[in-house]
Structures are given as C-alpha cells and as structure tokens.
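A.B. asks: These protein sequences, in sequence, are chains Z and P.
First residue of the first sequence? That's 31 in my numbering, and the numbers climb one at a time after it.
First residue of the second sequence? That's 14 in my numbering, and the numbers climb one at a time after it.
Any given hint could be a false lead.
Partial selection, computed: residues in chain P whose CB lies under 8 Å from chain Z [unchecked claim]: (1) Leu45; (2) Gly211; (3) Thr215.
Don't read these hints as lab results, they were simulated from the structure.
We put the beta carbon where it would ideally sit given N, CA and C, even for glycine.
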Amino acid sequence: MTQALLAMAQDGTLPELPETLRAAPSGEIAAALLISALLMAIGVVGFLSRRNMIIMFLCTELMFQGAALAMVAFSRHHMDVSGQVFVIFILTVAAAEAALALGLVVLLHRRRETLSAEAWGELGE
Amino acid sequence: MMGMESMGPRLGLLAPEMVLFAGAVLVSVIGLSRSAGMRRSVPLWCIVALVAAAFVSVETWTQERASAAQLLFPSMGSFVKPMLALVGVLLVLPGIGAIDRGVEGAIASGRQAFDALRVMRGEHYAFALFSIAGAMLLCGASDLIWLFLALELVSLPTYIMVALGRGSRKAQEAAVKYFFLGALSTALFLYGFALIYGSTGTLQIAGIRDAFAAQAAGPGIDMTGLAGLCLAILGLCFKITAVPMHFYAPDVYEGAAVHVSAFLAFVPKVAGFVALAVLLGTAGWTGHALIAADGVRVAYTGLPEPVAAVLWMSAVLTMTLGNVGALMQRSIKRTLAYSSVSHSGYMMIGLIVGAPAGINALFFYLLCYGIMTTASFAALAALERSGEEVDSFDDIAGLRVRHPAVAWMLAISAVSLVGIPPMVGFFGKLALFMAAFESGQVALVAIAVVNSAVSAWYYLRLAIVPLVAPPSARSATVVSAPSRWPAICAVVCGVGSVIVPLAASRLLQASERASEGYGAGSAVAGDESGPKGSGGLYTSRLTRP
Numbered sequence: 031m032t033q034a035l036l037a038m039a040q041d042g043t044l045p046e047l048p049e050t051l052r053a054a055p056s057g058e059i060a061a062a063l064l065i066s067a068l069l070m071a072i073g074v075v076g077f078l079s080r081r082n083m084i085i086m087f088l089c090t091e092l093m094f095q096g097a098a099l100a101m102v103a104f105s106r107h108h109m110d111v112s113g114q115v116f117v118i119f120i121l122t123v124a125a126a127e128a129a130l131a132l133g134l135v136v137l138l139h140r141r142r143e144t145l146s147a148e149a150w151g152e153l154g155e
Numbered sequence: 014m015m016g017m018e019s020m021g022p023r024l025g026l027l028a029p030e031m032v033l034f035a036g037a038v039l040v041s042v043i044g045l046s047r048s049a050g051m052r053r054s055v056p057l058w059c060i061v062a063l064v065a066a067a068f069v070s071v072e073t074w075t076q077e078r079a080s081a082a083q084l085l086f087p088s089m090g091s092f093v094k095p096m097l098a099l100v101g102v103l104l105v106l107p108g109i110g111a112i113d114r115g116v117e118g119a120i121a122s123g124r125q126a127f128d129a130l131r132v133m134r135g136e137h138y139a140f141a142l143f144s145i146a147g148a149m150l151l152c153g154a155s156d157l158i159w160l161f162l163a164l165e166l167v168s169l170p171t172y173i174m175v176a177l178g179r180g181s182r183k184a185q186e187a188a189v190k191y192f193f194l195g196a197l198s199t200a201l202f203l204y205g206f207a208l209i210y211g212s213t214g215t216l217q218i219a220g221i222r223d224a225f226a227a228q229a230a231g232p233g234i235d236m237t238g239l240a241g242l243c244l245a246i247l248g249l250c251f252k253i254t255a256v257p258m259h260f261y262a263p264d265v266y267e268g269a270a271v272h273v274s275a276f277l278a279f280v281p282k283v284a285g286f287v288a289l290a291v292l293l294g295t296a297g298w299t300g301h302a303l304i305a306a307d308g309v310r311v312a313y314t315g316l317p318e319p320v321a322a323v324l325w326m327s328a329v330l331t332m333t334l335g336n337v338g339a340l341m342q343r344s345i346k347r348t349l350a351y352s353s354v355s356h357s358g359y360m361m362i363g364l365i366v367g368a369p370a371g372i373n374a375l376f377f378y379l380l381c382y383g384i385m386t387t388a389s390f391a392a393l394a395a396l397e398r399s400g401e402e403v404d405s406f407d408d409i410a411g412l413r414v415r416h417p418a419v420a421w422m423l424a425i426s427a428v429s430l431v432g433i434p435p436m437v438g439f440f441g442k443l444a445l446f447m448a449a450f451e452s453g454q455v456a457l458v459a460i461a462v463v464n465s466a467v468s469a470w471y472y473l474r475l476a477i478v479p480l481v482a483p484p485s486a487r488s489a490t491v492v493s494a495p496s497r498w499p500a501i502c503a504v505v506c507g508v509g510s511v512i513v514p515l516a517a518s519r520l521l522q523a524s525e526r527a528s529e530g531y532g533a534g535s536a537v538a539g540d541e542s543g544p545k546g547s548g549g550l551y552t553s554r555l556t557r558p
C-alpha cells in the first residue's frame, strides 16, 4: 500500500487528497495552539486563585483540555493520528479523575457544609 | 518497526503486572466476604500476589524479550520490578490491624451486623496492588500514552488510599490536598508531553529519542521540545516530592494513616524516577547515543543545557529545603516527610549524572531508601496512644524502657537514613556520590555531603530520643498496636538495613542491569530505512513535515 502510494507520488499520479486529509494551514494550527496555551494558563491561574473546590476542579479540567487541544493541533500539523489517540485516553482518565474529585467534594460537603478549601486547616504546624 | 510480531515478547514481559491485577481482583472480592477469617486473610493474599509477581518478574525476564520490546532501557524492569514487589510486601505489613479496625471490632462484639459497604480492607489492598502494578508498567513504557496511563495508574489509587486509610478528618483533608495537587501535576506533564509530541511528531519513546538526536546533531533540540521536557519534569517532580512540587508532602504524610504514608514515600517515588529516567533518556546524557549527521558521527554532549539547569537547581533546592524543613518539625511524620523530600534531592543527582552509572546508583538508592524509610514508618505504626497514632517526639521519649525492639528499630532506621557506615543508607549514598564524582559533578556532591551532615541533626534526634531520653508523661501511656505485624515489619526492615549491606555488591551488580542496553539502538540519522520506532500500530503518516 505504502509502496504503491510512493510510486504514485513519484509519477505525479497521486490523486488529490480530500480536504480533511490535507495539512492544515499553519495559521489554523497556530490558533489552536494559542487557544490551548490560553486554556492551560486560565486553568493554572484559576487553580491557584480560587478557593471553591468545584471551581478548582474545573480548572484542572481546563488544563487537561488545553493539553488535549495541543495534542490534536500537533497531530494535524504532523499528519499523524497517534496524537488524537492520546486525546481519547486523556478524556478517559479525566473522567476517572472527575469521579474521584466529586467523591472527595461530596465527602467535604458532608463534613463541613462548605465547599471552600479554606475550611481545611487541621494539617500543618 | 514495531508490529504484531513483537506482541508476544512484550506480553511475556508484562506477566508480573498481570499477576498483580489478578491479585487485586481476588483481594477485593475476598475483602467482601461475610466470614471474618476470610477478611483477615486479605493481606496474606496480597503478599502472595506480590511474592508471585517478584518470582514471575525474575523468571520471565529474558534478554531476547527485553530487546524485542524496543525500550530505551530494555533491562530496567529486571531490577525495578522485583524491587517494587519485595518492598511492596514490606509495605503491606504495617497496615494489618489498622485498616477497618473500628468496623471489625464492632462486628466481632456483635454491636453491628456485617455490611459490605462499610468494610474496605479489600479495596485498600487492591488499590495498593494496582498502584504497584502501575509502577511496574512504567518500566515497559515504549510510548507516551503508556507512560501517561501507567503514571495515572500509580496515582489514582493512592488518592483513595489516603482518604480511606484513616477515619479522621485529617486524612480527608490530606486526600483532597493530594488529589488536587496531583491533578495539577498531571495536567503539567500532559502539556509537556503534548509539546514533546509537537516537537518530534511521534509519541513513541524510541522515535522521540531519534528525533531529538537528529535535532541535536543539527541546531540543537528546538524550543518546543525543551519546553515540553521542562514541563514534564516539573509535573513529575510532584511524584518524587521534589522542589517546586514538594510542599504537599508534609501535610499529606501527616494526615494520611502511617502505613499509607510509608506507601506514598516509596511507590510513587519509584514511579516518578522511572518516568524521569525514560524521559531524560530521550534527550541523552554525556557520552551516549552516538548520532550521525550527514555521515559524521558526533557524541551527545549531555542533557540539553536548560534541562540540565532545571534539574540541577531542583536537586539542590530539594535536598536543602527538605533538610532545613525537617529541622523545624515537632511531628515525627512531618520530619519523615521532609526527610523523604531531601532523599529525593540526593536521588536527582543520579538523574543528572545519567546512564549508566547515575541511573544504576539511583535505583540502588531507591531500594536502600525503601527499606530504611519503611522501617521508620512501620516502627511508628507499631505503637499507639489511646487509640491514636503516635506522632510527636514526646510520645517516643524513653521508648526503650517499655518497647525496646521498636525503639531500637527506630534508631537503626534513623542512623541508616543519615548514611552512617555499616548501614544500608551509607552504601546507597556511596554509590550515588561516587557516580556523581566520577562524572565531574563535584559541586553537587559537596552540597549533598553538607546536606547529609545537616540531616544528622534531626535523624540523630530520632535515634537518641527513644534510646537515651527519659520517658515523658506522654510516652508512659504509649502501648503496642493491637497487631504485631507492624512491629515485625519494623524488625525485618531494621535488621535488613544492617544485613543488606553484606549483599551490597551483589545488589549493586543487579542494579547495574537497570541501564544495560541504554543507547544500544541509538539513532542513525540519514539511515535509509528512516528513524526506527516511528510508525507504530496506529501511525498513519501520510506526509512527512
């Protein structure tokens, strides 16, 4: 298959690739990367500045999605699907983490009737 | 090319993980049994699974299988997997008798009927097995996806273990802290992985190594790749409790049950160091991975400058902040947590020195550290005061009068953690510092030696307070924990820290296998067949950028 495609490429008889398989213009990829970096930055800033546990958790989700978007963009740039396969795994693990986070948040709410991270202060000297 | 033909050998290499998964399923089912005797047998089955995994990992490991798997460190698993399984056995022991204590007591006295929702011994040990299996899987990581999933398999169960290990609010606070910071670190190294992928165009570790080699032969590894490596290191610093992601350690170790703290001090740390070794291996160390650019062979000149600088600063800060922090603690668990931070700093020297000597010394040190730190945590688990964990220096003052064995084991482990000669800690440090010295990292060795001297202050307090100080009012009320297994574990680890040095040369030889074969399949750019390792099962490369 690959050999045949290479031969066709050399002869110049390679059929035109459909729109979806052609390398995206670099501007589109740059835009996707910019958005992924923004998602990551918003996530980090939100995580460090907010005190509501659910918001903090959503911020980690934002960061995950930022990484996933970067994966997809690079995958398109390199015309290599493995980055997109990675994204499926990222989504799966993010879902597992969400289950855990909600479990912990429910635990917190039962104990303290608040969702503020500041309600926790028993540890430390 | 990695195709179906390499599936067989790779599955063979994964036998120990499969044993552990089977063990985890078995243990979680047995833990729900109505019979109290069956439930009590859970740790036993856990140990059986771990011993079987250790045995299988030695038996199924062959040179051919390892080299067929196309790993950066084909032989790493042959040392790391048995080490994880055997230290894992020691880590099972301190929890016996502590987990489910209240519920089991109520059921035994007839105050409460058996309720499958309220017992969690099975879950606890199953999660421990999953976490250890994840750390083992990391040794076989040939792919960033694999690396990511194995790292998550190590951490997710530990979050739950922290929350379940102890009924108190402190444990839940520790779990929330550990989980949120863990998620932050995961996001950081994930973004790092994305950038590495962007720079190299492949997710396969061997392919990344080849791409980095080709870049290094030309203008150098590009900014995207370097930023990716630095972010990945930053995220993984959480797993090894290294600066700047170390600050959670004292709080989490203090809040978690003491047997869980022992687990956190070892398994995630091994996982982090294995992952870091694999990631840094893609960028190469001095004198390795000959690469050819346009027919001219050039040797790597070492880790890329920014990565080496980040690692150097992190190592120095980690050991210094760890030791300074430990000096100021009144809680023993917090002291041990800071000690764990500082030991990570020493071990990072091994990462900077790199394969083979530094990586070998690093894994040997991990084994030594596992034995001695488990001894101290197990000694704490062997004691209690009015049903609570023993955690302050007052509690252990003059311990030798009423609990001589535990007092001695605490002292031995502390002396070993300083690195005083006949103990195992000394040999670990010796191997590490020798490797660093030979590679010319004199400044780093000097800083580490000064740090070891500083650490003697608080470790010797941990040795002298139980042995020499007069008993205090608090320590008079300290009694043995209901189960004798934590004490047995402490004795085994304590005696181990004294007698393991007798086998130090053999263990060092075994650890030398860890980096065997690194750099063997290094890239030859310009090779007609294209870079090895690119184009896996799911790669459909249509055009080359």
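A.B. asks: Does each hint hold? Answer for all of them.
C.D. replies: Each hint, compared with the structure:
no.: 1; hint: Leu45; result: violated (19 Å)
no.: 2; hint: Gly211; result: holds (4 Å)
no.: 3; hint: Thr215; result: holds (7 Å)
The structure shown violates just one earlier hint, number 1.
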